[in-house]
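Respectively, the protein sequence lines represent chains A and B.
Per the numbering used here: the first sequence = residues 1465 to 1789.
Per the numbering used here: the second sequence = residues 869 to 1245.
Think of the hints as simulated: they come from the structure by calculation, not from any bench.
Idealized CB from N, CA, C, for every residue including glycine.
Among the hints, a few may not be true.
What follows is a list of derived Cβ distance ranges for each label pair [said to hold, decoys possible]:
(1) 1149(B) with 1552(A): 50 to 58 Å
(2) 1216(B) with 1665(A): 53 to 61 Å
(3) 1233(B) with 1745(A): 12 to 20 Å
(4) 1665(A) with 1232(B): 41 to 49 Å
(5) 1777(A) with 1146(B): 51 to 59 Å
(6) 1149(B) with 1487(A): 41 to 49 Å
(7) 1666(A) with 1232(B): 28 to 36 Å
(8) 1216(B) with 1731(A): 56 to 64 Å
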Amino acid sequence: MAVSNIVQSVNETLRTEMRRNGNIVLLGEDIGKAGGVFRATAGLLNEFGPERVIDTPIAEDGIIGTAIGMAINGLEPVVEIQFLDFIYPGFNQIVSELAKLRYRSGGHCTAHVVIRAPSGGGIKGGLYHSQSTEAYFTHTPGLYVAAPSTPTDTMGLLRTAMRGSDPVMFLEPKRVYRTVKEELPSEEEFTIPFGKAKVVQEGTDVTLVSWAAMVHTCKAAAELASKENISVELIDLRTLMPFDIETVLASVKKTGRVVVAHEATKISGFGGELAAQIAERAIDSLEAPIVRLGGFDTPFPYALENTYLPSPERVLRSIRKAASY
Amino acid sequence: MEEKSRPQTAELDQIVEMLQVIRADGDFDPKVEPDLSHEDLLKMHRFMLTVRRFNEKGMSLQRQGRIGFFMESIGQEACQIGMSYTLSPIDWAFPSYRDPGTCLVQGVPLSALFDQIMGNSADEAHGRSMPVHWGFSEWKIVSLSSPIGSKLLHAVGVAYAAKFRGEKSVALASFGEGATSQGEFHAAMNFAGVWKTPVVFFCENNQYAISLPVRRQTASESIAIKAEAYGFEGVQIDGNDILAVYKATKSAVDKARSGGGPTLIEAITYRMGGHSTSDDPNVYRSAEEVELWKKRDPIARFAAYLVKKGILSEQDNERYMKEIDAEIAQVVKEREAIPQPASSTLFTDVYSEMPWHLREEAEEFMRDEGDGGKGEG
């Protein structure tokens, strides 16, 4: 069987879902003939035509706002925002409109819009092609937030997003778009529920929680730790809203030590929420302070991008800190 | 800096291009009268009277502390009724908070409007939105938020979906001139122009966005002219002339329905009251200006026209007012007796199903405080 990367997984999932559901339309910049700047929609214009694969003017408020209107009137749009960093012109549409429509209408008016956006750094993208801003969205009631790290999880979670009825921020790990490859499940009913974390590897000394591209950095760090005889249990949250607190707590109760690692800036990052949840629910199990590791609290730099991004060595230092306390 | 003259205040009657059917004194131009039956004309008049009374009642309920907030639309009744009267039940409306008349014309009962402004348990949105931030799903009136301009994009999207399925429905979105400064206005015009969606943008240029006069809102010679830049037609009309409003909107709706794409209508009108119950307009505009616009009252003008045409008598008019007042008094009495929403409704409709963290919050709150026996539904 052929293996697929994450971009191919997105493409395959969009294609199979669009074949299955005629109400699905795609909107985004350069998603038609060009197939998207990352080629995630390659070939879809040919198969589904310009009314379902809509190359839009360059305006994120326009893309997201019109997608909301389409969804109010029965379509199921999947929006591609070229880079998560470009989403801010559409932020009002997401926060004031998309997230609140169901609530403010008493459930009578809803908009099932899935917003896909490549997220995170590591592609030499500088300040504006690198940010991880998931916390803006987890801080907004009414949105679900997915942040997968593998082709299979991308497929399973994107299907769940597209078959549901709630707005979803679907954040794709662009740094590993093409580097992580695996065989995809072939059955069209393969889905992964939101709110179920994956234990990537079991361990006994330190719980390491992460998501998106950082999971792969954490895997490398766990391997380094094993050489120092520290056994790391690595958890990939996969979705941040809802987040799987049970899996995290079960692990913390076993290890008593936790590191939460993400690419996003540390202050007010989602790691802070996780740390607070763990402290509220399992402080008696903790044998060390919770260690948070994030990107630095600076804008995302171009030349020093690999210094900014937490490296396996930096994650390892956090693991040591938790283990040695 | 020299300010260009523009269609507002004193100059209104000198605008030559602006569509007008009835002049301020009720005299009219039979060549441009729209084709409406006497029954329709009287219904439109009655709707305008109802909207005025609804506004007066809303203001008085707020001043008495019986509702928390209100935004009146006195002076803009011709816009609300004239534009909405062109719609059919398959059409979508995106009224602003100053368009209770659109809700009434589309069929929303007065009782539902009062449920909304009272935020009681009969309100379909469980009292979650501020007064006059309506949405009435049964009548395709899409729930309104407070940031202005954002809904214009939804109207374009709704219209796209209708066109996508080959349906003949049209989306009508109304907004103030202040909204035209928002980026989302530009995006909506641009997308509608590119996609040629069946949408009508109806700008009620009421001269003020809270305190800012229109000449400080845009340096453009009009709002209507902006449509040209997006590749479709913009028209300027007398917004206090219900027949001009009806005629221009009907033509735009018909065009949209038959595949001709969007239109931007700019209706010149005036907000007689403050922006909201929290505003004092006397600090930013003169009494003389308000007096001038009182003489252009859209209801008095239409009544004069109807009397001149022999369709309405003074007695009919008085009878209408009495009937409307009695109806509103009865509705207010009934709706005020309805309890506030149950506390449990605080937690529902955030998502299609309640996620665990919200269920946990709801259960803890209900266990600790419950409903206190206050709410229902």
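A quick look at each hint next to the structure:
1. 1149(B) with 1552(A): 50 to 58 Å: 34 Å, violated
2. 1216(B) with 1665(A): 53 to 61 Å: 39 Å, violated
3. 1233(B) with 1745(A): 12 to 20 Å: 18 Å, holds
4. 1665(A) with 1232(B): 41 to 49 Å: 35 Å, violated
5. 1777(A) with 1146(B): 51 to 59 Å: Once the Cβ atoms are compared, 57 Å apart, the range 51 to 59 Å for residue 1146(B) and residue 1777(A) holds.
6. 1149(B) with 1487(A): 41 to 49 Å: Since residue 1149(B) and residue 1487(A) have Cβ atoms about 47 Å apart, the given range 41 to 49 Å holds.
7. 1666(A) with 1232(B): 28 to 36 Å: With Cβ atoms ~33 Å apart, the hint holds.
8. 1216(B) with 1731(A): 56 to 64 Å: 33 Å, violated
Hint check: violations occur at hints 1, 2, 4 and 8; the rest are consistent with the structure.
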